[in-house]
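K.L.:
Top line first, the protein sequences correspond to chains A and B.
Note that our numbering has the first sequence beginning at 1, numbered continuously upward.
Note that our numbering has the second sequence beginning at 1, numbered continuously upward.
Be aware that a few hints might be false.
[To be verified] Short derived list, chain B residues pointing at chain A, Cβ under 10 Å:
| id | residue |
| --- | --- |
| 1 | Asp-35 |
| 2 | Ala-47 |
| 3 | Glu-54 |
| 4 | Phe-55 |
| 5 | Ile-93 |
Hint data in this document are derived by calculation from the structure and do not stem from the laboratory.
Backbone N, C-alpha and C fix where the C-beta goes; we use that ideal spot for every residue, glycine too.
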Amino acid sequence: MTIEVRIPTILRTYTDGKKAVDGEGATLAALIDNLEGNHPGLRERLLEGEDLRRFVNVYINDEDVRFIGGLEAELSDGDQVVVLPAVAGG
Amino acid sequence: MLTIDRSTYDAIIAHAKRDHPDEACGVVAGPEGSDRPERFVPMVNAAGSPTFYEFDSTELLHLYKDMDARDEEPVVVYHSHTATEAYPSRTDIGLASEPNAHYVLVSTREHGNNDGPVEFRSYRIVDGKVTEEEVAVVDTTDTESEAS
Numbered sequence: 001m002t003i004e005v006r007i008p009t010i011l012r013t014y015t016d017g018k019k020a021v022d023g024e025g026a027t028l029a030a031l032i033d034n035l036e037g038n039h040p041g042l043r044e045r046l047l048e049g050e051d052l053r054r055f056v057n058v059y060i061n062d063e064d065v066r067f068i069g070g071l072e073a074e075l076s077d078g079d080q081v082v083v084l085p086a087v088a089g090g
Numbered sequence: 001m002l003t004i005d006r007s008t009y010d011a012i013i014a015h016a017k018r019d020h021p022d023e024a025c026g027v028v029a030g031p032e033g034s035d036r037p038e039r040f041v042p043m044v045n046a047a048g049s050p051t052f053y054e055f056d057s058t059e060l061l062h063l064y065k066d067m068d069a070r071d072e073e074p075v076v077v078y079h080s081h082t083a084t085e086a087y088p089s090r091t092d093i094g095l096a097s098e099p100n101a102h103y104v105l106v107s108t109r110e111h112g113n114n115d116g117p118v119e120f121r122s123y124r125i126v127d128g129k130v131t132e133e134e135v136a137v138v139d140t141t142d143t144e145s146e147a148s
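Only chain B is shown next, with the shape it has when bound in the complex:
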């Protein structure tokens, strides 16, 4: 199960809506081994495409060095689908390389850049095998909302 706080959940959806019709992508980092997604890091989709996403290689290095320095790992790796359902594509499965991460898929196909509900689903992708999991959205505490 993925447990994620409301403000991070909302931030992922806002990013996906903003970048629609291109795919949006990013991570939520958290302390290594904690399984707590705490630090929202939106990334630029270097592919700038409605059907593909890729972190820029220089930014990718920067992100991983930064997480390393903070003893963090990518707890959530998210991206959006803009014309299809929020389920990992064959490419997503083939390229998934963080066996400990929750892969979050958001679909903006219904409302695009506009207000309205968005499909938000989470998966484990290990050795080509996809397992969907429950998403629990918890209310943000006051201190966390001040920090965000």
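In isolation and in its complexed conformation, chain A is listed as follows:
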């Protein structure tokens, strides 16, 4: 089971500059744990404690995961995950 994960510019320091990496996991939480194994430090940039960071957006097949279960959102072989930092400020 392979999930393609698109990595934003600012996090490519964790992926040797790669725009996309492959991972595995039946849920988003499992996928992030799996990614951390190959790209140490990435987990910390996505999660704050046990939750997704407020200003990091994660999409599974174009759906914002906040609307489909958050870290418990389910994944299937061939799904595409996109990570995008929020564009926000004060």
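Let chain A serve as the given structure and place chain B on it in line with the hints.
P.N.:
The following block gives chain B in isolation, referenced to the frame of chain A:
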């Protein structure tokens, strides 16, 4: 230094004036690695607030997929301040996540929705460090003004 054409410069200011007293936001995309802001993309401020801005998450995804398909990147990320100077706030600095972008700040505090000069400044924000840069506004060529 940020080099930007007159019509894009004017469009950013017009957007900021129109949305005042809420903050306006958007990007100007350009070919990857070119440092040329060419395609003006105003965004909705999903926060609808005079003190905060955030791109809607669905529109954000759409924007990035679109730029990806065109081999573009966000050359300029702009937003307005409506009651304070055109300098990045602590929140702006903390959330800045495009190390290659020119962060443009516009302040509408003096004239609001009305005509009148607007402060327009540009910065690099990398790893929490803010560096202001010069802004060069260049005259638009005829073909560009027809396209806009």
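K.L.:
Next, verify each hint and record whether it holds.
P.N.:
Quick rundown of the hints versus the structure:
1. Asp-35: At 14 Å from the nearest chain A Cβ, Asp-35 (chain B) fails the 10 Å test, so the hint is violated.
2. Ala-47: With a closest approach of 8 Å, the Ala-47 (chain B) hint holds.
3. Glu-54: Hint holds; Glu-54 (chain B) Cβ to chain A Cβ min 4 Å, cut 10 Å.
4. Phe-55: holds (4 Å)
5. Ile-93: At 8 Å from the nearest chain A Cβ, Ile-93 (chain B) passes the 10 Å test, so the hint holds.
The structure does not agree with numbered hint 1 stated previously, though it agrees with all others.
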